[in-house]
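**Student:** Sequence:
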Amino acid sequence: MLNKSNLLCEMGKTEESIECINIALKLIPNDINILNKKEEILEKLGKTKIRPSECY
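Under my numbering, residues 11 to 66 are what the sequence shown spells out, in order.
One thing to keep in mind: the hints can contain errors.
Said to hold, decoys possible - In silico EDC-like pairs for lysine to aspartate or glutamate, Cα to Cα no more than 20 Å straight-line: (1) K36 with E50; (2) K48 with E29; (3) K54 with E29; (4) K36 with E49.
No lab work stands behind these hints: they were computed from the structure.
Full structure from sequences and hints, please.
**Tutor:** Here it is, written out as structure tokens:
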């Protein structure tokens, strides 16, 4: 059974939600999978003309 912090970390790895990813990074700051996912999402947002700074 996952506890709340583990669940948030797992969501950050799979969800395309910058909020979930930021929470997951607070719990595990150097997780390369989460960092890569965040970079991928920010690139997508950049292509849709949304400034990445609006997502923090």
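**Student:** Does each hint fit the structure? Answer for all of them.
**Tutor:** Verification of the supplied hints:
no.	hint	in the structure
1	K36 with E50	holds, 18 Å
2	K48 with E29	holds, 10 Å
3	K54 with E29	holds, 15 Å
4	K36 with E49	holds, 16 Å
Violated hints: none; the structure is consistent with every hint.
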